[in-house]
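**Q** One-letter residues, chain by chain:
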Amino acid sequence: MTRITDSKAVTLPVLLTANRLTDGVVLWMAGDTSWTANRNEAVAFTAAGLTVARDQAKADLANQRIISLYEITIDGTGKHSAREQIRAAKGPSIQPLRDQHNQGVSNV
Amino acid sequence: MYKYDNLDQSFLQSRSAQFRDQVQRRLSGALSEDEFKPLRLQNGLYLQLHAYMLRVAIPYGVLSSDQLRGLAGIARDFDRGFGHFTTRQNIQFNWIKLVEAPDILDRLAALDMHAIQTSGNCIRNTTTDPLAGAAHDEIANPLGWCEIIRQWSTLHPEFAFLPRKFKIAVSAGATDRAATGFHDIGLRMVKNRGGEIGFRVLVGGGQGRTPRAAQVLNAFLPTRHLLSYLEAILRVYNAAGRRDNIYKARIKILVEAMGISAFADAVNSEWLGLQSNGLDLPVAEQDRILAHFAPPVLKPVRDGSAEVLARRQADQAFDLWAASNIHPHWHPGYSSASVSLKQIGRPPGDASASEMIAIADLADQFGRGELRITYTQNIIVPHIKLIDLPTFYDGLIKAGLAGAEDALIGDIIACPGLDYCNLANARSLPVADRIFARFDDPSRRHEIGPLRLNISGCINACAHHHAADIGVLGVNKKGVEHFQITLGGKAGEAAQIGRILGPSFAEEDVPDAIETIINIYLGARHEGEIFAACLDRLGIAPFKEALYGTG
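Those protein sequences? They're chains A and B, same order as listed. Going by the numbering used here, the first residue of the first sequence is number 1, and it counts up by one from there. Going by the numbering used here, the first residue of the second sequence is number 1, and it counts up by one from there.
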């Protein structure tokens, strides 16, 4: 993977995000145009870097690595929609139920 | 219950094998995502916010205890140890991996279960009264007719690609507990003057961004003509329903555009040609299927009323539970009991694997090993002897499932919302929790009395907020989650769409708003007057005034 270094930004920065085909896990494109499940490793691409990133993303779509690719524009306000906050948190905002595993055994 | 035969089981196994092949071809790239998506949707597999979601069919909400244990096993082995019961009496698993989905379908097939037609533009799961076959007020048991519809609609070659999804509900009780007035087709079992049982056929109901109450299409359809008549309705819809706009594609839009008279004429014209086509079941086949749902032979039992009364007098918690969660049965010595899946910290309708197993065990011990998933996202155990209710309740306490919520303000119906769903605008689950916490006192909930409160995370209205006494709709207001409140929805006999009260509220303000509404009701109600009746009497003006001061 090519390491992308961004020079002067001519457009608003863009995050690339998708889901992993095999399990639906939310992914973010990192600086080396690999995919990471860690939101903190996501890089906002601009200009030439964005073109390379998009090309790599298209290739990853074609190679069955990712699905549901889309871009999030970073407008500098620091605000993210509730949807993106929840996706970045990798889980719901409420505690899901906990299974008391030792209370029974399935018959299957 | 309907028992799968070799033909049914063979079909499920081959369907599962077919899907395994489709998944392998997707993973290899032989199928593109555009090619694969309709195939996975036909097997109930969605891509949601965090993972794939699998919607498993529970035909007309009926499960055996073994099937519920099997679902618990799937929750443990393939998900995160829990499942979500839906307003269409199905179950959803939220953390599925595509690579494991074929294994899950195999596991389901071994349970005589599947995920076929739980998504896509096809006829979905037929839903019904969760008390069917046990209710005290039924004209007939609708379950057999639901099974007939299921067999007719599964893989129907003509209706695999309808303009949009299609939902049918059947009720047979004096009270409509299946919300038939809000379905594409609602079938109410009725008797004509001659005492013959048939269907009152309703058409064009629905929720979503254009909610509509269904209209009467046929006041009395003899039962023997059910399939040919349904076929006629679907043919008219399939031919004339809009395909140019996904938001205008449901049958409710077509019925409104044509007018009910013209629509009825079109259906009757289509039906004339179908009645002699052999679509209607031969009586022997009809009776063969209905025989699977014959009334259970219930052992004679002494009247347990005294035991129940004694426990109610001695135990306030049991008294509250009995007041809300026990349902009368056609046999005087028996009852059906609701297991509430609603409490603080629990997403409405969610059950852990261990809870599913505990409920299955209780159904075996006290019922007949049969369970019902309700439209309100709870579970009913039918056919419990009255005399066993106190011990059954003790079993619920042990399982942490003794909530006394049924049909009260704590019995919130909520969709998964933005916490899980790709379509949602707002989170429904934290709002549900806030409201439940505000009304945390069980005595207060009982004092308020019967009240349906539903929360939808978006206009698709999967939680049927339009049909609720108090509806809450999540909206996106300049990127911030807000919640609009409606009043006066009715899901029963006279379906009615709730009216928007006014501007939306921030999440933290919703409990105050709900409490204001409740306080207006409590202050104005006549003795014994439930919320819905009080609202009918007062209108929404006093509630609007209290919330917005608009007069």
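No wet-lab data here; the hints were simulated from the structure. It cannot be assumed that every hint is accurate.
Claimed, not checked - Keeping only pairs whose Cα atoms sit at most 25 Å apart, straight-line, the calculated BS3-like set for lysine-lysine is:
| id | chain 1 | residue 1 | chain 2 | residue 2 |
| --- | --- | --- | --- | --- |
| 1 | B | Lys97 | A | Lys58 |
| 2 | B | Lys37 | B | Lys97 |
| 3 | A | Lys58 | B | Lys37 |
| 4 | B | Lys97 | A | Lys90 |
| 5 | B | Lys165 | B | Lys248 |
| 6 | B | Lys37 | B | Lys165 |
| 7 | B | Lys544 | A | Lys90 |
| 8 | B | Lys398 | A | Lys90 |
| 9 | A | Lys58 | A | Lys90 |
| 10 | A | Lys79 | B | Lys248 |
| 11 | A | Lys79 | B | Lys477 |
| 12 | B | Lys477 | B | Lys398 |
| 13 | B | Lys3 | B | Lys477 |
| 14 | A | Lys90 | B | Lys478 |
| 15 | B | Lys37 | B | Lys248 |
| 16 | A | Lys79 | A | Lys90 |
What the hints assert, rightly or not - Over 10 Å on every C-beta distance to chain B, these chain A residues come out as not near it, computed from the model:
| id | residue |
| --- | --- |
| 17 | Asn19 |
| 18 | Ser34 |
| 19 | Val52 |
| 20 | Gln56 |
Built from N, CA and C at the ideal position, the CB exists for glycine as well.
**Q** Please list, smallest to largest, the hint numbers that this structure does not respect.
**A** Failing hints, ascending: 7, 8, 10, 12, 13, 17.
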